[in-house]
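Those protein sequences? They're chains R and V, same order as listed. According to numbering that gives the first Met the number 0, the first sequence is numbered sequentially starting from 0. According to numbering that gives the first Met the number 0, the second sequence is numbered sequentially starting from 0.
Treat the hints loosely; a few may be bogus.
Note: identical chains are not told apart, hence a pair may lie in one copy or across any two.
[Unchecked claim] In silico BS3-like pairs for lysine-lysine, Cα to Cα no more than 25 Å straight-line:
1) Lys330 with Lys316
2) Lys177 with Lys60
3) Lys177 with Lys257
4) Lys330 with Lys181
5) Lys60 with Lys201
6) Lys201 with Lys177
7) Lys30 with Lys297
In short, the hints are calculated from the structure, not lab data.
Protein chains: 2
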Amino acid sequence: MNTDNSNVRTILTGDRPTGRLHLGHFVGSLKSRVQLQEKHRQFILVADMQALTDNNGNPAKVRENVLEVVTDYLAVGIDPQRTTICLQSALPAISELAMLYLNFTTVARLERNPTIRSEIVHRGFERSVPAGFLCYPVSQAADITAFDADLVPVGEDQAPLIELANEIVTRVNNQSGKSTLKNMEGLYSETPRLPGVDGKSKMSKSSSNSITLGSSPEEIRAAVRQMYTDPKHIRVSDPGTVEGNVVFSFLDAFDQDKNEVDALKEHYRAGGLGDMVLKRRLEDLLQSLLEPIREQRKRFAADPEYVLSVLRTGTEKSRDVTSETLCRVRKDLGHFIL
Amino acid sequence: MNTDNSNVRTILTGDRPTGRLHLGHFVGSLKSRVQLQEKHRQFILVADMQALTDNNGNPAKVRENVLEVVTDYLAVGIDPQRTTICLQSALPAISELAMLYLNFTTVARLERNPTIRSEIVHRGFERSVPAGFLCYPVSQAADITAFDADLVPVGEDQAPLIELANEIVTRVNNQSGKSTLKNMEGLYSETPRLPGVDGKSKMSKSSSNSITLGSSPEEIRAAVRQMYTDPKHIRVSDPGTVEGNVVFSFLDAFDQDKNEVDALKEHYRAGGLGDMVLKRRLEDLLQSLLEPIREQRKRFAADPEYVLSVLRTGTEKSRDVTSETLCRVRKDLGHFIL
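Turn these sequences into a full structure, and let the hints steer you where they fit.
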């Protein structure tokens, strides 16, 4: 149960609803959210407004994935009694804070952000970068501060976003002369990013190299079978390479028996251990992990009214929290309040 | 009376509340708003959010001028029964639309805007331009479209802002495949900009070269006395220059007797007409113009509760109008609506 005890720290986390959640999300964030909800006040934001900053041409993709993502949360064990799940576009205070915060940073500062710079290259935006995409870190600062979050679970590559958000917090507090907004800490995941099945890049909703949480036993089997290993490891007796071998990355992520995994790596390197043995081991692990999640997912997917009600209830609670923050910011900054 | 007749066109206009309104506003916009309210559905937006885009360090200036500006509107004859006066920061749908529209334009497009470029130079922002300042034309597009405005009274220099807003409208409509948003027309003022008393630049709240609407008879007299004329016109008998002569600019703006003004110009050019004769004529005109406005202003200023109630009532009405627009935009674009 959440308490209003002030020692309880507030977490803001969330996802852009642009596809079904997959094992990469499970390892990188969902698993820890299920643990974090026990001792923290946790908000999960379905960031549909932010999803549009790089999917503006495909709003249907965003629309269709809002409830899918909430269903994924429930399936893995996010408990709506412990975690507040809410929808960004239904929280106007976030847009209002973002518009205010745009005045607390400069265009040059936003362009310097390495995440933005690399994503601009990666997505091929160059000079035609949508203004919304340049400004999304400001919108993220609005998300985080709107909930008075202390902790923000992020990947290492998102450290600059936390830095920018804290800069905005400092500027707002300097101007108000009060602790209007809280500084936040990034809660950095120790788990390495899960690679995609093809081994080419991280597991990604958009690259069809992922194993989604609702995958059927056959899909799991097929994905493991086609998993990238070591192309030079042709005969069982050949020595194999562990680095970049997706099966080993998955064993590192999912196999609880670390000693056994180390032994398998040694054996593989020396030669004499076939890919199929490893893949069978991995498949068993993934089948046992995903079976209950898939079953839960089916139950929730069969009751979309319930899923919707979870999102509605969480969003209403979040509306109060975020509106209060906006009021406090405007009052402390000395704005006219009608 | 407003009617819901669809032939009635909607006007959006407004001011940034950064100082008392002055004769420049009267000539450039207030006078025509009083006429326009007779046959149009007119909204006047007190743009306090936008005022922060270049006054972020001085929120008190914005706060203190919100009700002053509304008082000015009432004093010149803006009739709250005919015109809806509303406050930007109390209309969240405007911020929400602005955040959405940021995805429909690029950073390069915003940087190309000549108004933005000249203001960046003028205000000395250069590379440290606040992100909110770069984005304010998008916020203006949100203002205009939120009210479904057909007509936007603007100065010539604001034509690029109308162009950008229409571009966003076109993109939104292209994506929705419907007439979700209306294209708008700029309603360009034929009156030249009123110069400041010092003749150095246009009359401006910030340059203390203005005659505010609430000026006392003594202030009006003093302002006319120190008005810039022709520094080479030393003796009455000297020929004088009309161009750049502030007194003549004011006579052009305020003297109904155009033939007499032409005759005075001719006489002045030939020599034999003293500045004091002209200034006395101008002062009489300004005293008669401003006396009733000043008296009305005093009445309204003595009743701040009434002024506040006008703003509250207008803002509530505007909240309905702008929320409806936001809902329509989100629905037509196929967003998830909770």
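Subject >> Hints not upheld, ascending by number >> reply: 3 and 6
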